[in-house]
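2 protein chains.
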Amino acid sequence: MNVTPVPDLPEIREGDDLAALIDERADLDSADVVCVASTVVSKAEGRAHDLDAFPAGPRATEIADRLAEITGEEKDPRFAQAVLEESTDLLIEAPFLLTETRFGHVGVNAGIDRSNVPGSDILLLPKRPDESARRLHDALSVPVIVTDTCGRPFRHGQRGVAIGKAGLPASHDWRGEHDRDGRELGVTVESIVDELAAAANLVLGEGSGGEPVAVVREFELDGFAGSDELFRDVETDFVRQALREWSYARD
Amino acid sequence: MNVTPVPDLPEIREGDDLAALIDERADLDSADVVCVASTVVSKAEGRAHDLDAFPAGPRATEIADRLAEITGEEKDPRFAQAVLEESTDLLIEAPFLLTETRFGHVGVNAGIDRSNVPGSDILLLPKRPDESARRLHDALSVPVIVTDTCGRPFRHGQRGVAIGKAGLPASHDWRGEHDRDGRELGVTVESIVDELAAAANLVLGEGSGGEPVAVVREFELDGFAGSDELFRDVETDFVRQALREWSYARD
Ligand SMILES: Nc1nc2c(ncn2[C@@H]2O[C@H](COP(=O)(O)OP(=O)(O)O)[C@@H](O)[C@H]2O)c(=O)[nH]1
Ligand SMILES: Nc1nc2c(ncn2[C@@H]2O[C@H](COP(=O)(O)OP(=O)(O)O)[C@@H](O)[C@H]2O)c(=O)[nH]1
Ligand SMILES: [Mn+2]
Ligand SMILES: [Mn+2]
Ligand SMILES: [Mn+2]
Ligand SMILES: [Mn+2]
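Quick note, the sequences are listed as chains D and A, same order.
Residue numbers for the first sequence follow my numbering, beginning at 1 and rising by one.
Residue numbers for the second sequence follow my numbering, beginning at 1 and rising by one.
Same shape as in the complex, but just chain D (with noise of 0.2 Å):
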């Protein structure tokens, strides 16, 4: 398996044709995958705003006011108004934002961005990412997935997501699957499109390096069984149901 970002990309502009500046610069084979960050997916789609776009209800003015007083830290309320209204559930709300997006991905802030956006102040997840991975899978006739950086539980710093994707599987389905001594298999949904956005996030980095797409190259898609749900339902993600119990308390 081969991962490598397309070189030279120019800064991504809102109405930007970004399939057609991927397939310029890119010798795409039917049978590789394109990873794109959805940084650049966002600018495209005009999701850059100044935070005047957000006028802060009272509900976001609370948070703020909280948020600043715990972390000792200046909080706009208008970004916490931004947070809430790409949000659908709250499920941490101090000492930090964690939200469901309207489209279910589970991330910090709502997965809203404030690096890499010249000329704005915030830059929003792309609104419907599968979506968005469908046009360029419809113009690059590849499967497409658009990425994420996010943290996560139990385990230090962030890594690469998918949040989005079209034309592959969520998940290579190993049930009904056998081990090498013909046992039924333990682990038995492995998802690929996140190991794939992880695979892509080594190469793309988090900084000033400009590369926001990767393609991923000898991946074999084909012959296995594949499922498609990418984010847990609550009735079935225990963690959720005892942040819904939870309450941040300073000792």
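Hints were generated in silico from the structure; no laboratory data involved.
Glycine included, C-beta positions come from ideal geometry on N, C-alpha and C.
Among these hints, one or two may not hold up.
Simulated restraints, written as ranges between beta carbons of each label pair [as the list claims (entries may be wrong)]:
hint: 1; chain 1: D; residue 1: ASP27; chain 2: A; residue 2: GLU14; range: 40 to 50 Å
hint: 2; chain 1: D; residue 1: ALA31; chain 2: A; residue 2: ARG66; range: 42 to 52 Å
hint: 3; chain 1: A; residue 1: ARG13; chain 2: D; residue 2: ALA94; range: 49 to 59 Å
Given the coordinates of chain D, work out where chain A with the ligands should sit on it, guided by the hints.
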């Protein structure tokens, strides 16, 4: 970046010199990173056991009885005993066991496997995966990651993660670095060992493929600050704090 499985590895048995078996089959360069599935590290280290080695105490029996009642499946109390003996903290005890292992990793059933374990009932994770990685690193003179496949909250399915490493940092620490506009970065700590483990897992698979080792080539490890923590402390992990207060209740 290139990720390739090491070909023709045999079934690994207790006492096997895993480093020599890898070295004979991989033409390693000093810039390569070797990712080894914990399953073969465990086999080499004699971590395969029969359940008879874990006579169940009252706590394990109580846990297994409750799990059997909830799931409607038979649950062997000796398996619960093995999980307890491998663990220092029980995060979820129903409807499945989520624990912290003695070396700090959080996983279902303390990462104990029942697939790919010929001739024994169960395979425990390596006792100290950082030390396992260190021994392989000393013998192979390249950075080494010991991987496992495990699940996570919020997202469906499992993916490869690092449970031990030597010769490279856990994370690329982007603190102090800047984005394309000179702003300080939002993402600060990228868990490269987990991203490398995820990439490796794509080529290893979960089944009967017989490929427990992958070599990562052309991933640039120089020129950045690293940080070394892999596992979060409970003090900074709000999800773990929430789980402490939570318990499963059937509707
Ligand atoms: N060429 C180009 N690269 C960009 C642009 N925006 C971000 N990048 C690069 O894309 C990569 C990922 O950026 P990041 O901010 O981490 O994106 P995210 O993970 O989707 O939030 C980095 O190498 C950035 O330098 C852009 O508009 N044009
Ligand atoms: N050659 C060889 N391959 C093995 C052995 N044990 C497991 N594998 C392979 O290693 C890969 C990963 O196995 P898995 O059970 O998912 O390991 P885990 O993720 O570390 O728990 C699969 O391709 C297995 O077929 C072994 O003893 N010898
Ligand atoms: Mn982002
Ligand atoms: Mn990123
Ligand atoms: Mn395992
Ligand atoms: Mn595995």
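- Task: Could you tell me which of the hints above the structure violates, numbers in ascending order?
- Result: none
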